[in-house]
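First to last, the sequence lines map onto chains A and B. Read in order, the letters of the first sequence correspond to residues 1 to 140 in the working numbering. Read in order, the letters of the second sequence correspond to residues 1 to 129 in the working numbering.
Read the hints as simulated data drawn from the structure, not as lab findings. Quick caveat: nothing in here was measured; it's all calculated off a predicted structure. Each residue gets a CB set at the ideal place from its N, CA and C atoms; glycine is no exception. It is possible that part of the hints are untrue.
Pulled a few chain B residues facing chain A out of the computed Cβ check, cut under 10 Å [to be verified]: (1) Arg28; (2) Gly31; (3) Ile34; (4) Phe46; (5) Pro54; (6) Ala56; (7) His79; (8) Val86; (9) Leu88; (10) Leu91.
Below are the chains, spelled out letter by letter.
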Amino acid sequence: MSIPQRVRPSGSWEHLLWIFTRLSGLALLLFGAFSLGMGFVLGGRTQLDLPGFVRWMFFPNPNHVVNSNIPDVTAGWSNAFWQIYSVLMVALASAHGLNGVRMVLEDYLRRPLAVVVVRMLIAGAWIGAIIVAVYVILAS
Amino acid sequence: MAASRGVSIIQSLRYRGRQGMVSWTLHRLTGLGIVLFVGMHVVAAFFLQQFGDPVATAITAFYESWPTQLFVYFCILYHAINGGRVALMDLFPRLLRYQHELVWLQWAIFTPAYLVPAFYLIRSAWIPA
Numbered sequence: 001m002s003i004p005q006r007v008r009p010s011g012s013w014e015h016l017l018w019i020f021t022r023l024s025g026l027a028l029l030l031f032g033a034f035s036l037g038m039g040f041v042l043g044g045r046t047q048l049d050l051p052g053f054v055r056w057m058f059f060p061n062p063n064h065v066v067n068s069n070i071p072d073v074t075a076g077w078s079n080a081f082w083q084i085y086s087v088l089m090v091a092l093a094s095a096h097g098l099n100g101v102r103m104v105l106e107d108y109l110r111r112p113l114a115v116v117v118v119r120m121l122i123a124g125a126w127i128g129a130i131i132v133a134v135y136v137i138l139a140s
Numbered sequence: 001m002a003a004s005r006g007v008s009i010i011q012s013l014r015y016r017g018r019q020g021m022v023s024w025t026l027h028r029l030t031g032l033g034i035v036l037f038v039g040m041h042v043v044a045a046f047f048l049q050q051f052g053d054p055v056a057t058a059i060t061a062f063y064e065s066w067p068t069q070l071f072v073y074f075c076i077l078y079h080a081i082n083g084g085r086v087a088l089m090d091l092f093p094r095l096l097r098y099q100h101e102l103v104w105l106q107w108a109i110f111t112p113a114y115l116v117p118a119f120y121l122i123r124s125a126w127i128p129a
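Isolated chain B (complex conformation) (with noise of 0.2 Å):
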């Protein structure tokens, strides 16, 4: 829609659609990046099982690489939580008044949620369990 429109990455960028921008943008993100994890995931498993592939194997090292795995866990938790809200503000309309301070709350529930397990990520990185 935005190509046939001739809006460009700058224009967009420019747009201040403040927080339903930010989070429409970063639901599409994080749930292209769940199919791209599950995608690579199924094909890596399946073709590490049936033919022990070094190229599977290069894969699975990849995903499960602690970087990697901070960003399939923002993706997972930040789509979950995302969705989470707007399906009930889509079911329940009424929440809609709040829609400022849901995104406010929605932020406040990912935010811990994300740094405790990342903290411990990035320290098994260095310290192996």
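Bound conformation, chain A alone (with noise of 0.2 Å):
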């Protein structure tokens, strides 16, 4: 099988999202994978059980982790650096989950007006979640 080596971009819109798809959903696997390593590094073996430690994996905010009958959230789990990264990680999250649903949709519409209005309502719930985001890493 021969294997094309190059191949010319066409630099659109389209192209630029496959290209975020790929490279956020790597991001996401690297940002899971550090708030695992780091709730390790700050004694969550002793601090978490198994439920916590996923819910710190994928959201680190003590807010998100203090409902599962953890004793206490002690300092270095809550300050600036792990509330950019919350943010951070929402707002990559939901722009890959938010345009992998667009373009499902987009496969079983045809009506140019549909796909406007879908584009806009994904515009709008990115938005949102964001504000979400921001107002629930910030209030804990």
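Join the two chains into one complex using the hints; note that each chain is given alone, in its own frame.
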């Protein structure tokens, strides 16, 4: 089988989103691995149970793990680093996920107006997700 | 696209796309599953925290039950591993030479990583910790 070594990139918006999906997916894997690892470094082995670790891994926010009978969430678990980290993670994850939903929907939409409406709804949902995330993260 | 070409579900199931077709389908379904779970989780947590809403309590009980957890874990693990494989193959096209082997490698990683926690999840349904 011959494999084309170089394909000319089209540079379109759709092409950029295609690249974004790959890169944000890999970035989210690294985000998850890093917060999981830092959970161990911060001493989660004695403070978190397994569900708590999973919650911390996907959304490193003390409010997100405090529901699972954690004795106490002490210093190191809640600071500006984790706040910025969480906002970045939510922004990336919601962009990745909502763009995926958009691609699935557009496979089944035929009318151009429907595509425009879906894109506006998706953009609104992304902005909304970021606002909710910033509120939840700064309020905790 | 399938709709505009008049391909029925039965016809599309008969299409023999081998591993690529299975991966593509599962990647879509698990991606939608994750969006569904995260959406449910955010909405239910908001209404539970702000209003103590009984519907939100019911939704929370639903997604915290072990069958839903099994489904959510399948979605997240499959989507993560399969997405990693696809992204790496797209970034390094040389890997396409080994695409079938990579799918088998993916299942070799996925199967134990899924079944071990699944065992403990199912066991916890009978033996409370």
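Comparing the hints with the structure gives:
1. Arg28: Status holds, d = 6 Å.
2. Gly31: holds, 5 Å
3. Ile34: This interface hint holds because 7 Å falls under the 10 Å limit.
4. Phe46: Since chain A brings a Cβ to about 8 Å from B:Phe46, closer than 10 Å, the hint holds.
5. Pro54: violated, 18 Å
6. Ala56: violated, 14 Å
7. His79: Nearest chain A Cβ about 9 Å off; hint holds.
8. Val86: For B:Val86, the interface hint holds, since the closest Cβ of chain A sits about 8 Å away, which is under 10 Å.
9. Leu88: OK, holds: B:Leu88 within 10 Å of chain A, min 8 Å.
10. Leu91: With Cβ-Cβ at 7 Å, under 10 Å, it holds.
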